[in-house]
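As a plain string of letters, each chain reads:
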Amino acid sequence: MAEISMSAGRFRRLGETDRPSVEIEVDGEQVVALEGDSLLVAVLASGRTLRRSEFGDGDRSGFCLMGACQDCWMWTAEGGRVRACTTPVRAGLRLITQAMSEDLWPIPA
Amino acid sequence: MIIVGAGPAGMRAAEALAAAGIRPTVIDEGQLSGGQIYRRQPVNFTRRYEALYGADAKKARALHKAFNALQGRIDYRPETLAWNLRDDVLHIVTDGVAAALRFDALILATGATDRLAPIAGWTLPGCYSLGGAQIALKAQACSIGARPLFLGTGPLLYLLAYQYLKAGAPPAAVLDTAPFAAQVKALPDLAVRPGFLARGLMFRARLRAAGILIENGVEPLAIEGEGKVAAVRYRTAGGTERRIACDAVGMGFHLRSETQLADLAGCPFLFDAATGQWRPDADRDGRTPRAGIYVAGDGARLLGADAAEAAGRLAALAALTDRGMEVDMAEVARLRRRMERLDRFRRGLATAFPWPARLACAVADEVIVCRCEAITAGNIREAAVGKDAPELNRAKALSRIGMGRCQGRFCSSAAAEILAEARNVPLAEVGRLRGQAPIKPLSMATVKGERP
Amino acid sequence: MQADIIIVGGGIMGASAAFFLRRRGKSVILLERGLVGQQASGVNFGNVRRQGRYLQQLPLANRSRAIWDRLPELIGEDCEFVASGHLRVCYTREQADKMEAYSQDARDYGLDLEMLSSNALRARFPYLGRETIAGCYDPSGGHANPRLTAPAIGRAARRAGADVREEAEVVGIAKAGDDFVVEVKGQGELRAPMLLITAGAWGGKLSALFGEPVPLAVHGPQMTVTEPLPYRIAPTIGVSTPHLHETVYFRQVKRGNIICGGFARGPASNETNRATVLPEAILGQMEQLRRVMPGFANVSTIRSWSGIESYLPDDVPIMGPSATTPGLYYAFGFCGAGFQIGPGVGDVMAELIATGATTTPIAQYGISRFASLAP
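Residue numbers (the working numbering), protein chains in the order written: chain C, 1 to 109; chain A, 1001 to 1452; chain D, 2001 to 2375.
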């Protein structure tokens, strides 16, 4: 079983760590999360940020965590969009923090 | 009958309607019922109610239990967004499928979010709303950082700092923009809820005992860092500039109501001078002037969770009365009295933890006010003065303030202050941003489902 | 208070007319009941397109197109106008033939269009849906920000010396001798020997005062906008089809958001001043947008809006002198297609009012075509 980090992340896990781990991919790198994590927590606990502002003012890591501020929308490798704070982690999910490639948007018909 | 929101107001409204033999539809965005204050943790988490809700554990348990007991007697639709409303039809979307639900009565129990004022650097990773910082802890057993700093004002500021301390993530500091004198001045009104007051004082005492710095009357100057939060710079009440190292910030200035659906329903709004906010006009039972539309809980008036439970019941009883059904008038009278008492408490909160209007007005031109579209204070001032925008919707058209994904939820309070200041007019005169559907982002993959 | 011309209605037509009249040395008072460019001029799609306009309107559209290029020089800002192309696509052979015929005819009016076969379309715009079988491309087309444009022209008119009055509601108009006497709520009477009505959906009420009623209908465009996305779609793209529900169009601004419209017209009222985006129309529009651009299925719509546009039964605006009253002029009822020609309309009306004639033919727009409706 992969180790989950207790201290390296932006978010710190304070408890409830006795959960099965779930592997996802963020920008092509493997990230180990726990079942029951939101995507936001899964990514932030790994030390990464969620997204890059579309307007050149840097990285963002969410804000309200309750689906109101919309500052945590991520891309999936398939070109889909997910709101990280309200979406539970799912094994095998491939997330992208920044839409650079034209294979992502707009996908050729 | 439809209820939007499964927090304390919506849950109690559902209970009252179900008790009257009506099978209400309850629409809620959450995966689990409970709303924000009584938010439930994911099913595979194991912490006990006492650990999650502290002194409110009993209330949380009672509320969850009451709502669970409604199973089968209500049409409960979790993970469902009410995205639009027109002509007595509520438009919802569940898992990418849209449906249109016609209603005779609609109870909007849509809750509230943190009220925000921008501070230089507040878009840095590691900066969250106070509510967000609480959800991290409550729903995910995480702290927002190893050394978080809490900043702003309102009862949540102290509650959250205390919760973080207890959970093993002692805050770097608690910086309250409200002067201590304001909190003293509010004591008579706050004393309406003696328990609340005592707890507030206890939080402070425990934080101080743990050696955590609490400062009142501060002026936040900047959240600093490169790619992540590194420090908060502020000016003390005495005028000294200080810098405290931290790796995360939770910030907020009490709350603002979620009123988008009431707005789309055509409900008239009133300006509340005490808080500088607009709220849907409603009578003491939650009846709006728009027939069939009721508002309850923090989405109507910011009175807190206890009042939300009462308001939910009251709105449900009002809807039943309007339908010509018999209700227990003694209960109605009791609930009304309770609401009146709690309204005094609301005034107390507004006095104790005033919205920092001056801070919002004074924000520097280059600071981002609208997080969604990266619109700065300077952009708003240019629309206000250079392009002569007399009110918020015009400023929006000319500057894009409030045009982003969040529909102005997190920028409009400050934008209104900046605009009013730039135009040198009272805050009420610049109006409020009109709501526009969809009230949250709606995937273009959405397909049409059932018809009304 | 006296001026050479009073203009009633501060949309893009009125603001442009005020601006160009000042350049011809005329004194102008522009009266706007609300704020300049707040109604149809501010809520429309922002298409700066000539392609698809009926051929007889192309001279006017050409004149206006030239002004769009000169906006920075004329009014000091570009209103986010980009000449990034305009593409029409279609789903049927029959419609492709119609586009082909139009492109042939348009050439005689100075509009050069390029027909694109299915393969060419695919090669240049790989994101378009498989159902699109042909396209017609106008490299000179593009788009601009309607929320900025009329207000910017209004401010330029003011800087040029026009008396631009916002929140100035006209409550009475009469002709006294050689002058029009216009009563403005709370401001008293204004006088001018010439009067231009550019009041959009409210224009018909004013023309009726001079015995020239018109069958004006009002509708609301169904506009939506997406979240910001990487900038990849340069041209304005629209579906060419005889069916209203298939008629959708979109454009991406350089910041990244994509503005979309079409599928239906919504209810609007020039009495209550309200216009609605129908929830069903938002969903229907999404369905049609996914058809022309499947990649839309991955993005979110974040906002919708409408406004009050005025239409005439022959889909032709009213422009030119009154047939009953000397000194009175009209430019309203632009049938949801006034934005691109707005600056040109202002220029032409200024020329007409200042010189008594215009070098761009506008006879087809005369209000007298509805003379049979007069009492």
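Some clues are possibly wrong.
Covered by chain A, according to a simulated footprint, are these stretches of chain C (three or more residues, beta-carbon under 8 Å) [to be verified]:
1) 29-40
2) 64-70
3) 90-100
Per the computed footprint, the stretches of chain D lying under chain A, defined by three or more beta-carbons under 8 Å from a beta-carbon of chain A, are [to be verified]:
4) 2267-2281
5) 2284-2290
6) 2342-2355
These are computed hints drawn from the structure, not numbers from a lab.
Built from N, CA and C at the ideal position, the CB exists for glycine as well.
Comparing the hints with the structure gives:
1. Coverage of the stretch 29-40 of chain C by chain A holds [criterion: at least 3 residues with CB-CB distance below 8 Å; count 4].
2. Taking a C-beta to C-beta cut-off of 8 Å, the stretch 64-70 of chain C contributes 7 residues in contact with chain A, enough for the three needed, and the coverage statement holds.
3. Counting residues of the stretch 90-100 of chain C whose CB falls under 8 Å from any CB of chain A gives 0; the rule of at least 3 is not met.
4. With 5 residues bearing a CB less than 8 Å from a CB of chain A, the stretch 2267-2281 of chain D meets the requirement of three and the coverage assertion stands.
5. Only residues whose beta carbon comes within less than 8 Å of a beta carbon in chain A count, and the stretch 2284-2290 of chain D has 5; three or more means the coverage holds.
6. Counting residues of the stretch 2342-2355 of chain D whose C-beta sits closer than 8 Å to any C-beta of chain A gives 0, which falls short of three, so the coverage hint is violated.
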